[in-house]
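Given chain A, put chain B in place with the hints provided.
As a plain string of letters, each chain reads:
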Amino acid sequence: MKKRRTSISIILLLSSIFLILSLPMKAQERKIRFKSEVEKEEAEKKLQEKASQKENVTFFQGLSVGADISGLLNKVFGGDYQYGDISLQANLKNRYMPIIEVGYGKIDVTNEDTNIHFSTAAPYVRVGMDYNMMSKKPHLPGYIYLGGRIGFTPMKYDYEAPTLIDPNWEGLEIPIDYHDVKSNVTWFEFVVGLKAHVFKRFSMGWSIRYHSRLKMTKNENSEPHYIPGFGKGGRTNFGVAYNLIYDLPF
Amino acid sequence: MKRIFPVILFLLIMILPWGLNSCNESNCALETVPSAHFDFLSSDKHQALALTSAVTVSASTMVRDNIVYDTVYNAMSNLKSLSLPLSYSTKTTYIIHYTDLLMDKIEVTHKPKPFVSEVECGVLMYHEIENIEYTRNVLDSIVIVNKDITNEEKTNFHIYYTIAE
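If you're matching them up, the sequences are chains A and B in order.
Mapping the first sequence onto the working numbering, position 125 (from 1) lands on 125, and the numbers just tick up by one.
Mapping the second sequence onto the working numbering, position 78 (from 1) lands on 1078, and the numbers just tick up by one.
The set of hints was computed from the structure by calculation and includes no laboratory data.
A portion of the hints provided could be inaccurate.
[As the list claims (entries may be wrong)] Where chain B lies over chain A, by a calculated footprint (3+ residues, C-beta under 8 Å):
1) 114-123
2) 166-177
3) 214-223
[Said to hold, decoys possible] Below 25 Å or equal to it, Euclidean Cα-Cα: the simulated DSS-like pairs (lysine-lysine) are:
4) K1111(B) / K1091(B)
5) K1105(B) / K218(A)
6) K232(A) / K1113(B)
In this text the structure is predicted, and so the values were computed from the model without any measurement.
Note that the Cβ used here is the ideal one computed from N, Cα and C, for glycine as well.
For reference, chain A alone in the conformation it holds in the complex (with noise of 0.2 Å):
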């Protein structure tokens, strides 16, 4: 009993002389760590700094809703047909903006060189996805953004135009009447824009918009003249919009 306790108190001895004799040679080493590794550590402090604040951009921003008011004021410009759309779009990360607009188009018109005449009102949508290429500086009041559209309208249209007469053949005519004509049109917009903000939570904005159409249900007599949500002039076309914007509570 007597050698046990003798030797537990040999051993608690040497371990505290241990300690004690270790304790200045610790200090030397954070000496020196201190001195070689300052900068690094600073600049690894500051890299975990830039990575947190980067952590800390909310996936989730906002939701806003718009209106197109450009197909509105078209008939003011000399054109011949009328459009509108409101637009949903969500912001995550102040970088990717995923929308989606629904709106709706007519046109009734006759030309008056051809005597022909057209019409058409169907809704279309829209869905796709801006980038904000101003992701990085959202101190300023705007930003310019680059984006894509898939846009579907399922229309039905007339045409009306004088008897077809054969030029050759005096008396063979074809009348020229297609009502209801059915044709579901798919296409692509790419969209370059630019979003200002105006006054409290509401923004302005307008886009250039390059149409291309991707399909269309081929009918024997005809393409239509204009197509809502799409436009005229026939595969491809440009076209443009002026949004008024809101940012939603929430």
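Chain B in isolation, oriented as in the chain A frame:
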């Protein structure tokens, strides 16, 4: 910067529509009444050839139970091809007169397809070839190359002849 931004935006809004309106000008087809194009080829080598003798080509169709004729080529020599009108009915007949007694008759059955796509451009008349029948007094055969007759300048038929040596 904050004050100038909306001003620039407003100016751009006012200017842009005029610039963009010019992008939507339509390109109407100049040819609204297309023709059927026939090319002459040799039967053996399938090479282009010309009809050296003078030929007269007439086109006819049925109008209100009457056959109405129209001369398209009158005593033309060195013809290498023909561009012939199609009627607004479903059958057009062509007669190639090589001499007073020698001729070939070509009967084309087709479907007239009026086509309208822009109100500024008027209505175009296209046709779809459904069948062709012909006599072989001088010609060897006729092949349909392209059954759609549109305002594009495309060959629709090849007429083969045997070249006399």
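Hint numbers not upheld by this structure, sorted from lowest to highest: 5
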